[in-house]
Amino acid sequence: MKVIDLTAPRRELRVRIDPSPAYDFLACLYLLGCDEESLDFEMSPRWVAQARAALGAELRAELSLLLPWRGRALGLVGVMEGRQGLSAREFIKRVATTPADGLLELMLAESLADRHSLPLLRSAIGGSGQAVEAFLGAVHPDIDRRPLRRLVSLPPSEVKARLVRLLREGYTRVYAPKEGEVVPILEQDAAQLARRAATSSGSEVIEHATGGFIVGPDAPVMGVILAPTYYFRPYNLITAYHGIRVYVYPIEASPKGNAPPPDLVRFYKALADETRLKILRLLAGREMYLQELAKALGVSHVTVLHHVALLRAARLVLIVERGNAKYYRLRTDRAREAAALWQEFARP
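The sequence shown runs 1 to 348 under our numbering.
Honestly, the hints are just simulated from the structure, not real lab data. Here the structure is a predicted model, which means the values were calculated and not measured. Glycine is no exception: its CB is placed at the ideal position from the N, C-alpha and C atoms. Treat the hints loosely; a few may be bogus.
Stated by the list, open to error - Computed list of lysine-lysine pairs in DSSO-like fashion (alpha-carbon distance at most 30 Å, straight line):
#, residue 1, residue 2
1, 178, 269
2, 269, 295
3, 326, 269
4, 326, 295
5, 93, 178
6, 295, 278
Claimed, not checked - Simulated DEER-style distance windows between Cβ atoms:
#, residue 1, residue 2, range
7, 181, 287, 38 to 48 Å
8, 129, 162, 20 to 30 Å
9, 188, 155, 34 to 44 Å
10, 56, 14, 40 to 50 Å
11, 87, 192, 14 to 24 Å
12, 82, 185, 23 to 33 Å
13, 278, 46, 14 to 24 Å
14, 291, 93, 38 to 48 Å
15, 332, 54, 43 to 53 Å
16, 14, 192, 16 to 26 Å
17, 337, 272, 13 to 23 Å
Start from the sequences and build out the full structure, keeping to the hints where you can.
Okay, structure coming up:
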């Protein structure tokens with residue numbers, strides 16, 4: 001009997017590594033707009049306070065509107081499509097020359113629960129109140145609709161002008177002073193990752209860079225961009241545009257002086273919480289998805305997301321994407337790695 005196999009072949013994920021500091025610049029602004037104090041970023045609280053003061057109250061208010069925390073507006077990196085290695089200034093110029101309607105679409109498209117609802121967003125931009133409500137009805141339930149309503153109700157030209165001003169002032173006041181120090185670090189990390197990519201599969205490179213994200217061959221992704229961040233350590237900042245997934249991944253900074261390795265500190269901090277220990281115990285039995293974990297723990301899925309982010313940053317948990325579903329898996333070898341790190345650090 002002859003068999004004709006019509007199943008789709010497994011495709012290798014297309015991965016591009018972009019050393020552009022523009023991603024890190026946006027991650028820096030997102031850090032300043034973060035309203036979750038329990039997230040333990042590696043930038044010192046003193047630096048964050050000084051940077052927020054330099055930005056000023058007015059621009060911080062603009063930041064919360066234009067780039068809201070957990071608002072998924074980072075899709076505006078799509079203005080760099082087809083270009084690699086752009087400086088932060090060149091990125092800002094690209095934003096300034098992008099048509100206002102297209103820019104607003106990039107900023108809001110990832111807030112939709114389904115990409116098939118994109119026509120609703122396009123109708124809402126500069127449209128009627130009814131069109132705006134139809135768009136908001138299609139937004140992912142986890143996203144705060146209030147800043148979205150304000151944004152989509154404003155004239156696109158005004159949104160663009162305010163965004164360009166925020167980016168220019170944010171660059172001058174916050175990012176530029178350390179740019180000369182940070183950019184070479186980003187370039188070095190991207191170069192190291194590119195060398196690894198030469199002998200690894202795309203999915204392996206993604207897992208290594210992000211510290212635990214596994215993108216399956218059937219994930220709804222046309223390609224992946226990996227870009228390093230200094231400011232957002234130890235977390236990933238994730239967005240997408242036009243079917244391209246973007247992981248702004250944290251570089252691994254070297255410890256200063258006699259300080260312990262940041263990776264070791266994150267590991268033990270992640271374990272110092274009862275809820276996170278319960279999550280690890282549950283995952284020791286099997287893979288679970290978000291709603292399962294939330295139900296088993298009796299907490300909201302937002303709470304689980306927070307704890308899983310800390311566990312992922314400590315490389316204790318893998319996030320596995322299959323099709324449109326994400327599962328969480330325990331990294332069983334992590335304890336041995338951490339023990340080796342501790343022994344090396346404690347050695348006289």
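Next item on the list: List in ascending order the numbers of the hints, as given earlier, that are violated by the structure.
Entry: 13
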